[in-house]
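Asker: Which chain is which? The protein sequence lines are A and B, in order.
Okay, so the first sequence: first residue is 4 according to the working numbering, each after it adds one.
Okay, so the second sequence: first residue is 4 according to the working numbering, each after it adds one.
Please note that a few of the clues may not be correct.
Same chains, same label: a pair holds when it works inside one copy or across any pair of copies.
[Unchecked claim] Here are the simulated DSSO-like pairs of lysine-lysine, each with C-alpha atoms no more than 30 Å apart in a straight line:
1. K228 with K160
2. K20 with K252
3. K248 with K306
4. K25 with K46
5. K160 with K25
6. K25 with K248
7. K116 with K46
In case anyone wonders, no lab produced these hints; they're calculated from the structure.
Protein chains: 2
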Amino acid sequence: MQISELGEFGLIEHLTKEIALKQPGSMKGVGDDAAVIAPDATKQMLVTTDMFMEGIHFDLVYTPLKHLGYKAVVATISDIYAMNGTPRQLMVNVALGRRIEVEHLEDLYAGIKLACEGYGVDLVGGDLSSSRTGMALSLTCVGDVEEGQCAMRSGAKDTDLICVSGNLGAAYMGLQLFEREKAIFESQQHGNSEAATPDFSGKEYLLERYLKPEARRDVLEALRKAGIQPTAMIDVSDGLASDMKHLCKQSGVGCRIYEERIPIDYQTATTAESFNMNLTTCALNGGDDYELLFTVPLTDHDKVSSLEDVRIIGHIARKELGEYLVGRDGQEFELKAQGWK
Amino acid sequence: MQISELGEFGLIEHLTKEIALKQPGSMKGVGDDAAVIAPDATKQMLVTTDMFMEGIHFDLVYTPLKHLGYKAVVATISDIYAMNGTPRQLMVNVALGRRIEVEHLEDLYAGIKLACEGYGVDLVGGDLSSSRTGMALSLTCVGDVEEGQCAMRSGAKDTDLICVSGNLGAAYMGLQLFEREKAIFESQQHGNSEAATPDFSGKEYLLERYLKPEARRDVLEALRKAGIQPTAMIDVSDGLASDMKHLCKQSGVGCRIYEERIPIDYQTATTAESFNMNLTTCALNGGDDYELLFTVPLTDHDKVSSLEDVRIIGHIARKELGEYLVGRDGQEFELKAQGWK
Numbered sequence: 004m005q006i007s008e009l010g011e012f013g014l015i016e017h018l019t020k021e022i023a024l025k026q027p028g029s030m031k032g033v034g035d036d037a038a039v040i041a042p043d044a045t046k047q048m049l050v051t052t053d054m055f056m057e058g059i060h061f062d063l064v065y066t067p068l069k070h071l072g073y074k075a076v077v078a079t080i081s082d083i084y085a086m087n088g089t090p091r092q093l094m095v096n097v098a099l100g101r102r103i104e105v106e107h108l109e110d111l112y113a114g115i116k117l118a119c120e121g122y123g124v125d126l127v128g129g130d131l132s133s134s135r136t137g138m139a140l141s142l143t144c145v146g147d148v149e150e151g152q153c154a155m156r157s158g159a160k161d162t163d164l165i166c167v168s169g170n171l172g173a174a175y176m177g178l179q180l181f182e183r184e185k186a187i188f189e190s191q192q193h194g195n196s197e198a199a200t201p202d203f204s205g206k207e208y209l210l211e212r213y214l215k216p217e218a219r220r221d222v223l224e225a226l227r228k229a230g231i232q233p234t235a236m237i238d239v240s241d242g243l244a245s246d247m248k249h250l251c252k253q254s255g256v257g258c259r260i261y262e263e264r265i266p267i268d269y270q271t272a273t274t275a276e277s278f279n280m281n282l283t284t285c286a287l288n289g290g291d292d293y294e295l296l297f298t299v300p301l302t303d304h305d306k307v308s309s310l311e312d313v314r315i316i317g318h319i320a321r322k323e324l325g326e327y328l329v330g331r332d333g334q335e336f337e338l339k340a341q342g343w344k
Numbered sequence: 004m005q006i007s008e009l010g011e012f013g014l015i016e017h018l019t020k021e022i023a024l025k026q027p028g029s030m031k032g033v034g035d036d037a038a039v040i041a042p043d044a045t046k047q048m049l050v051t052t053d054m055f056m057e058g059i060h061f062d063l064v065y066t067p068l069k070h071l072g073y074k075a076v077v078a079t080i081s082d083i084y085a086m087n088g089t090p091r092q093l094m095v096n097v098a099l100g101r102r103i104e105v106e107h108l109e110d111l112y113a114g115i116k117l118a119c120e121g122y123g124v125d126l127v128g129g130d131l132s133s134s135r136t137g138m139a140l141s142l143t144c145v146g147d148v149e150e151g152q153c154a155m156r157s158g159a160k161d162t163d164l165i166c167v168s169g170n171l172g173a174a175y176m177g178l179q180l181f182e183r184e185k186a187i188f189e190s191q192q193h194g195n196s197e198a199a200t201p202d203f204s205g206k207e208y209l210l211e212r213y214l215k216p217e218a219r220r221d222v223l224e225a226l227r228k229a230g231i232q233p234t235a236m237i238d239v240s241d242g243l244a245s246d247m248k249h250l251c252k253q254s255g256v257g258c259r260i261y262e263e264r265i266p267i268d269y270q271t272a273t274t275a276e277s278f279n280m281n282l283t284t285c286a287l288n289g290g291d292d293y294e295l296l297f298t299v300p301l302t303d304h305d306k307v308s309s310l311e312d313v314r315i316i317g318h319i320a321r322k323e324l325g326e327y328l329v330g331r332d333g334q335e336f337e338l339k340a341q342g343w344k
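One chain only, chain A, in its complex shape:
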């Protein structure tokens, strides 16, 4: 169906008609100039916003729109979890490229709604507009956190332990697989008539990490249960090296990360090898992981060691000691953030 048949507001209505508001704070959702939220006076509000541009943050050649919607929500609410908060309301703006039809938008919204339901977030607003070129998404999430429990990037102290959830570099290797298949597909379009079906068998975990990441709400719950309050926290969206450097900078500290402690999945390792890529570089600089990187006081060592799916990877140091990766042989390499794409 052509979008012009429904018009902007008919289309928003069509896409959002079944949405029920479940958060007690959501007073007014889609359909007015602004969303109305009743604040919980015992808590602090958190607001975060993210933009996703076609050709920069996603490629529609290998990203189904439903996955794009899901991933955009996860990436956005992950910032609320990274403050040790709970996401409550979400707003989504979409600027549509020319070839987009109603069915495409239905797919995008199916992914958005699925993620909202899974994480208990209300979709309370958003606009549609046109784009002269590619698609652009902009998401805003409102959440809250108990006073005194907010985990900023700025609270890490010398000797704190550095921890990370899950494993790193998997989404990045998933992206490499998709990019390789895209290149093969495109070269076939230009001459070679024998069409090959991409073979991703055995790599499903990497593709899923790239296409359908999850935010680590479960890790926050485990931390609360264990009585651990992180001194500082950030989600790994740009890559471990870059995000660790943000945390150090905001906290005014240095760090040591131990290469052998960085958690890496088996599929990530074998795929990096097949691409002839340095595995540690992939784990340090691959983005889109949405794992939680956080610091805890040294006295929490035993508590944090007993947590499933959390690994201690290093420790905070005084600022003048700098930010370094300690290699398997004990050699130190300065942590460097990858250039901005």
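Since chain A is already given, all that's left is putting chain B on it; use the hints.
Answerer: Positioned in the frame of chain A, the structure of chain B alone reads:
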């Protein structure tokens, strides 16, 4: 200066370093995963978000970046005023086209900061990213409103008076002037060597309405002073016809707008004539005015009549009576929203 010399985070720091947070609720601004806001328990929070795409919402050929920044802020906070609220915090995401340099961003941020200062809004966050093509902006504004004073689109009742602030169609005529000069400029580029300087004399008001609109905070103050609580309100961003129809739809009512009551500036009228355009059509369908369109009970007639820069332009009717413009000769025309651009 090339943006790559600073990098994303160096650039954000460079652009936001002088920003002081003035709102008591702004606990943590730029530099973390999310902004932290202490809510006022006696109020409801308002959140609105807007996207601005190059080639759709703005044209950099005739829109200086400082004006673009200013206008984007005004357009966004106008939605908070349209709820009868007060804007408090703002977040700005920018996706940069390829030719953008640091100085361009400084101009954009100069406009953003100027608007924030003028309206008392704190800039508390935002990202920079790349765009494969044109520039895209996404702004999010958080505000609040006293409980019971929120003016939704949905509160208009039969016999309520329909009022609008300022005058309509001026920004649209400003846009026409810019578009005409752009067309002349482009035709000169293709052959005609005689370069003409655009002559905008006598049209400054229209250009300013397009390039540097203001949000009508002053009208809300006047309403409060007069003891008037609007039953419904919306800001005129898409055009009077379209926004009136939204208000009617959300309120489940109809309306009558009197053509002769629609406020139009003298410059708008003469320019429409010179373009051979129907003046009422311009006033009904021209966007970007950011005037407030609101309804008040009939019993507020005398109070609202005495307000400066507010005009009663019609009245709400029962739903089955439809949405009509009453012409100068008494003939009725159905209100139609312009097609979606």
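Asker: Against each hint, give a clear statement of whether it holds in the structure.
Answerer: Against the structure, the hints come out as follows:
no.: 1; hint: K228 with K160; result: within (23 Å within a copy, 52 Å between copies)
no.: 2; hint: K20 with K252; result: between (45 Å within a copy, 15 Å between copies)
no.: 3; hint: K248 with K306; result: within (25 Å within a copy, 59 Å between copies)
no.: 4; hint: K25 with K46; result: both (18 Å within a copy, 20 Å between copies)
no.: 5; hint: K160 with K25; result: between (39 Å within a copy, 28 Å between copies)
no.: 6; hint: K25 with K248; result: between (38 Å within a copy, 29 Å between copies)
no.: 7; hint: K116 with K46; result: both (26 Å within a copy, 29 Å between copies)
Of the numbered hints stated above, none is contradicted by the structure.
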